[in-house]
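Visitor: Each chain is listed here by its residues.
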Amino acid sequence: MSQSAVPSFPRHLLDFSDWNRGQVESILETAQMMQEVLARPVKKVPALTGFTVATVFFEPSTRTRLSFELAARRMSADVLSFATATSSTTKGETYRDTLRTLEQMGIDAYVIRVDAAGVCHQAYGWLHKPVINAGDGWRAHPTQALLDAFTLRERLGSLEGKKIAIVGDILHSRVARSNAELLTMLGAQVVACGPATLLPGSLPGATLTTSLKEALLEADAVMALRLQKERMDKGLLPSLPEYIAAYQITQERLAWARPLAPLLHPGPMNRDVELEGTLADSPQSLVERQVANGQAIRMAVLYHLLVGKRS
Amino acid sequence: MSQSAVPSFPRHLLDFSDWNRGQVESILETAQMMQEVLARPVKKVPALTGFTVATVFFEPSTRTRLSFELAARRMSADVLSFATATSSTTKGETYRDTLRTLEQMGIDAYVIRVDAAGVCHQAYGWLHKPVINAGDGWRAHPTQALLDAFTLRERLGSLEGKKIAIVGDILHSRVARSNAELLTMLGAQVVACGPATLLPGSLPGATLTTSLKEALLEADAVMALRLQKERMDKGLLPSLPEYIAAYQITQERLAWARPLAPLLHPGPMNRDVELEGTLADSPQSLVERQVANGQAIRMAVLYHLLVGKRS
Amino acid sequence: MSQSAVPSFPRHLLDFSDWNRGQVESILETAQMMQEVLARPVKKVPALTGFTVATVFFEPSTRTRLSFELAARRMSADVLSFATATSSTTKGETYRDTLRTLEQMGIDAYVIRVDAAGVCHQAYGWLHKPVINAGDGWRAHPTQALLDAFTLRERLGSLEGKKIAIVGDILHSRVARSNAELLTMLGAQVVACGPATLLPGSLPGATLTTSLKEALLEADAVMALRLQKERMDKGLLPSLPEYIAAYQITQERLAWARPLAPLLHPGPMNRDVELEGTLADSPQSLVERQVANGQAIRMAVLYHLLVGKRS
Chain X
1 MSQSAVPSFP RHLLDFSDWN RGQVESILET AQMMQEVLAR PVKKVPALTG
51 FTVATVFFEP STRTRLSFEL AARRMSADVL SFATATSSTT KGETYRDTLR
101 TLEQMGIDAY VIRVDAAGVC HQAYGWLHKP VINAGDGWRA HPTQALLDAF
151 TLRERLGSLE GKKIAIVGDI LHSRVARSNA ELLTMLGAQV VACGPATLLP
201 GSLPGATLTT SLKEALLEAD AVMALRLQKE RMDKGLLPSL PEYIAAYQIT
251 QERLAWARPL APLLHPGPMN RDVELEGTLA DSPQSLVERQ VANGQAIRMA
301 VLYHLLVGKR S
Chain G
1 MSQSAVPSFP RHLLDFSDWN RGQVESILET AQMMQEVLAR PVKKVPALTG
51 FTVATVFFEP STRTRLSFEL AARRMSADVL SFATATSSTT KGETYRDTLR
101 TLEQMGIDAY VIRVDAAGVC HQAYGWLHKP VINAGDGWRA HPTQALLDAF
151 TLRERLGSLE GKKIAIVGDI LHSRVARSNA ELLTMLGAQV VACGPATLLP
201 GSLPGATLTT SLKEALLEAD AVMALRLQKE RMDKGLLPSL PEYIAAYQIT
251 QERLAWARPL APLLHPGPMN RDVELEGTLA DSPQSLVERQ VANGQAIRMA
301 VLYHLLVGKR S
Chain Z
1 MSQSAVPSFP RHLLDFSDWN RGQVESILET AQMMQEVLAR PVKKVPALTG
51 FTVATVFFEP STRTRLSFEL AARRMSADVL SFATATSSTT KGETYRDTLR
101 TLEQMGIDAY VIRVDAAGVC HQAYGWLHKP VINAGDGWRA HPTQALLDAF
151 TLRERLGSLE GKKIAIVGDI LHSRVARSNA ELLTMLGAQV VACGPATLLP
201 GSLPGATLTT SLKEALLEAD AVMALRLQKE RMDKGLLPSL PEYIAAYQIT
251 QERLAWARPL APLLHPGPMN RDVELEGTLA DSPQSLVERQ VANGQAIRMA
301 VLYHLLVGKR S
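Protein chains in written order, with the working numbering: chain X, 1 to 311; chain G, 1 to 311; chain Z, 1 to 311.
Everything labelled a hint here was simulated from the structure, so no lab data went into it.
Please note that a few of the clues may not be correct.
Which copy is meant is left open, because identical chains are indistinguishable; a pair holds if it fits in one copy or across any two.
[What the hints assert, rightly or not] Here are the simulated DMTMM-like pairs of lysine to aspartate or glutamate, each with C-alpha atoms no more than 20 Å apart in a straight line:
(1) K213 <-> D18
(2) K234 <-> E36
(3) K129 <-> E242
(4) K129 <-> D220
(5) K129 <-> E214
(6) K43 <-> E252
(7) K234 <-> E29
(8) K229 <-> D18
(9) K162 <-> E59
(10) K229 <-> E242
(11) K44 <-> E103
(12) K43 <-> E214
(13) K43 <-> E276
(14) K129 <-> E160
(15) K213 <-> D272
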């Protein structure tokens with residue numbers, strides 16, 4: 001995407017390549033205000049009355065879809081929910097026709113999840129209204145990274161110089177990619193850790209290691225990723241017992257990190273796989289807080305892209 | 001559930017064990033007011049503006065789900081619809097994580113249907129907001145019983161001393177259990193009738209019989225239950241012809257009851273199985289009235305649990 | 001349907017047999033006003049506040065369903081979405097019970113799609129509120145014809161004496177039937193064209209031909225129909241290469257029509273089957289405009305049937 005085609009405040013949220021730190025800080029500040037709305041008994045504001053937000057999910061994901069839809073409705077937007085189970089081989093042309101059809105119905109913003117990386121970027125050219133990437137293949141899941149950053153700052157304050165360990169199947173993780181991109185932009189030092197077969201050649205902004213101890217040592221926070229059992233069944237992952245033996249986050253291993261270092265997970269968790277089941281319910285776990293903050297972040301993103309001023 | 005954990009006006013509607021007659025009467029009175037709302041051209045009140053009601057259906061049921069969702073929207077609540085087709089073997093832990101995730105999104109009340117009896121009761125401990133049981137396994141379906149009681153009182157007046165016959169697969173029926181509990185609380189005498197293999201050892205509050213004639217004789221009202229064909233296929237029920245021969249409610253057999261005794265069915269009906277098809281459309285049938293009253297009852301329950309005063 | 005049972009302004013939109021030209025013109029005029037609403041930043045009016053519109057889809061169709069639901073919500077109606085995948089052998093009794101159940105929930109208008117032709121007409125007798133046919137079998141799809149007529153008039157002005165070619169599987173097309181009915185009512189001359197095996201014995205109002213050249217020659221507009229690949233797999237259609245060779249609308253063949261004759265397609269398109277893929281994106285294509293106008297038409301139809309005056 002050429003620089004000239006992008007306004008200084010982006011119209012889309014595809015990944016963070018078009019976003020600078022000031023713009024990200026604006027979203028995080030607005031999310032703070034949205035949290036105050038969410039603390040009220042009546043969690044509803046008229047900010048997006050008359051707007052229609054479409055969630056377009058070419059890949060199933062109930063949680064993320066519901067989180068966006070609820071965020072939109074809490075700002076009084078109408079929601080059009082389009083979900084389809086198309087195979088990953090569906091031709092780009094079909095995605096285009098589907099999205100152009102929705103455009104004709106007068107949609108004001110699109111929240112798109114698709115298994116084929118790149119479709120969200122193409123959608124940028126097909127559509128005249130804001131596109132929010134809700135997860136595309138292995139590439140990016142920017143609202144997840146925003147809510148993770150927001151949650152980490154709530155607990156740690158500034159992320160400047162903080163060491164954040166991300167553990168699991170880094171290779172196939174859009175969450176790892178978006179977090180590496182965003183957390184380093186906010187000054188953190190990201191260490192990504194997993195078995196050699198699940199590490200990419202490089203992860204921009206992050207250090208890679210196969211040693212869990214190295215990753216967790218003195219870490220200010222630890223993020224476990226969801227293991228896709230489907231991938232394991234295809235022989236792409238090590239066996240479950242091997243993974244657990246070497247990479248499960250346990251109480252004992254978490255002690256390598258700084259005292260009370262918070263533990264994050266994007267959910268849904270496989271308890272006793274990526275992390276010791278009881279850890280998920282410990283005071284160090286921010287897993288539920290991440291979900292709550294997801295509401296505030298998605299409200300902030302929708303607000304900025306739909307009615308926010310663009311500099 | 002210890003007495004001390006339960007406020008004197010319950011926060012949940014799981015079954016009627018925590019509810020006393022006065023509390024039930026309050027719901028029925030409010031439902032009367034809701035019926036007046038439903039008789040208006042504009043069937044909408046602002047009572048629940050800004051509240052979000054989640055319907056969480058781990059077992060499919062379009063009718064019940066739509067009835068609750070419409071009831072919530074008619075009071076201006078937002079609705080989050082979560083449906084999943086999980087097997088009955090799903091671990092309790094997963095139900096918990098799913099519900100806790102929704103809780104973090106700021107849900108104000110939960111309408112839960114689940115095939116595993118007991119999950120609704122566990123949810124009581126997991127969640128901080130009202131839980132309404134929309135049917136759990138064989139155990140309870142309290143809003144069905146409330147709408148049945150409401151419908152019966154519309155036609156019969158007080159249920160004090162009235163004989164109500166419930167006919168069909170009593171053993172597997174949450175509708176029978178909840179009705180036996182509620183109708184006897186309201187003073188009725190309940191007789192539950194079915195083939196010996198489909199009767200439980202006991203049904204609190206009710207008399208059991210295998211004789212249809214005994215059950216229907218002088219009955220003030222008759223309720224036929226839906227026969228689950230799936231269960232019959234597994235050999236758990238008698239054959240269809242055998243069932244029909246002995247237990248189908250026909251015009252002829254209905255004459256054993258009092259003149260014009262109303263006929264109820266929770267729906268959806270298998271016409272010409274549980275009852276003679278034409279009977280469903282006769283003036284004695286309250287089947288459609290039950291559906292209409294379901295709206296008023298569900299509005300009343302949501303209203304009481306969300307904004308009603310607790311004594 | 002006897003004449004006496006039908007008010008002079010129909011309560012239903014099943015097909016156009018009960019509608020006269022003046023009534024159709026009223027819908028088209030209202031749609032013009034709805035387009036002005038849709039051009040505003042806030043595309044929402046309170047016209048149907050407190051009404052509940054049910055979309056009842058016994059046959060899947062995401063586009064049509066979403067178009068109606070969005071139209072209803074833009075007029076502030078509540079929407080109840082009932083979709084089920086029933087086989088074409090489902091008994092009429094079941095349709096009736098389902099619809100009567102919804103009626104009891106207080107639905108104000110029904111948008112029904114069903115694969116069994118005739119169910120919509122039967123629904124007329126079962127329900128007391130307006131029924132809109134959203135496609136029934138091969139018979140009728142009146143809102144599609146209305147949006148096509150609206151789109152054609154936007155481009156061509158009056159349809160009086162205009163030649164409109166409809167090309168494809170005429171035999172199985174409810175779109176062709178409804179368009180033939182409506183466009184001839186508005187003064188157009190309709191020529192329906194396809195392979196002999198896909199032409200009906202007659203199409204009221206239209207001329208039939210197997211010659212694409214004859215159909216397209218001097219045509220003022222061309223409408224390509226969607227080819228159902230499912231039907232082709234059953235041997236009911238000619239092979240794809242044969243169809244394309246003889247009937248695909250190409251740039252070259254479109255030149256037989258009047259200069260700049262618009263090209264329509266009800267969608268979703270099979271690009272490079274019914275029409276040359278690039279034609280769909282040419283200035284002659286009104287495919288996207290049809291979708292946009294579908295919103296205005298459906299808002300107009302809902303408005304007239306729910307709150308419009310009946311003469």
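Visitor: Now tell me if each hint is right for this structure.
Guide: Evaluated hints:
Proximity of K213 to D18 under the C-alpha cut-off of 20 Å is found in neither arrangement, the shortest distances being 34 Å within a copy and 52 Å between copies. Proximity of K234 and E36 under a CA criterion of 20 Å is satisfied in neither setting, with 45 Å inside one chain copy and 54 Å between copies. Taking the shortest alpha-carbon separations for K129 and E242, neither the intra-copy value of 46 Å nor the inter-copy value of 40 Å comes in at or below 20 Å. Neither within a single protomer nor between protomers do K129 and D220 lie at most 20 Å apart by alpha-carbon distance, with minima of 39 Å and 34 Å respectively.
Proximity of K129 and E214 under a CA criterion of 20 Å is satisfied in neither setting, with 44 Å inside one chain copy and 42 Å between copies. In the homo-oligomer, the alpha carbons of K43 and E252 never lie at most 20 Å apart, since the shortest distance is 40 Å inside one protomer and 57 Å across protomers. Taking the closest pair of Cα atoms, K234 and E29 never come within 20 Å of each other, the shortest separation being 43 Å inside a single copy and 59 Å across copies. For the homomeric pair K229 and D18, neither the shortest alpha-carbon distance inside one copy (33 Å) nor that between copies (42 Å) is at most 20 Å.
With identical chains, the CA atoms of K162 and E59 are never at most 20 Å apart, being 34 Å at best within one copy and 45 Å at best between copies. With identical chains, the CA atoms of K229 and E242 are at most 20 Å apart within one copy only, with a shortest distance of 14 Å there and 46 Å across copies. Taking the shortest Cα distances, K44 and E103 sit within 20 Å of each other only across copies (17 Å), while inside one copy they are farther apart (26 Å). Taking the closest pair of Cα atoms, K43 and E214 never come within 20 Å of each other, the shortest separation being 43 Å inside a single copy and 55 Å across copies.
In the homo-oligomer, the alpha carbons of K43 and E276 never lie at most 20 Å apart, since the shortest distance is 34 Å inside one protomer and 50 Å across protomers. Taking the shortest alpha-carbon separations for K129 and E160, neither the intra-copy value of 34 Å nor the inter-copy value of 38 Å comes in at or below 20 Å. In this assembly of identical chains, K213 and D272 lie within 20 Å of each other by CA distance solely inside one copy; the values are 19 Å within and 57 Å between copies.
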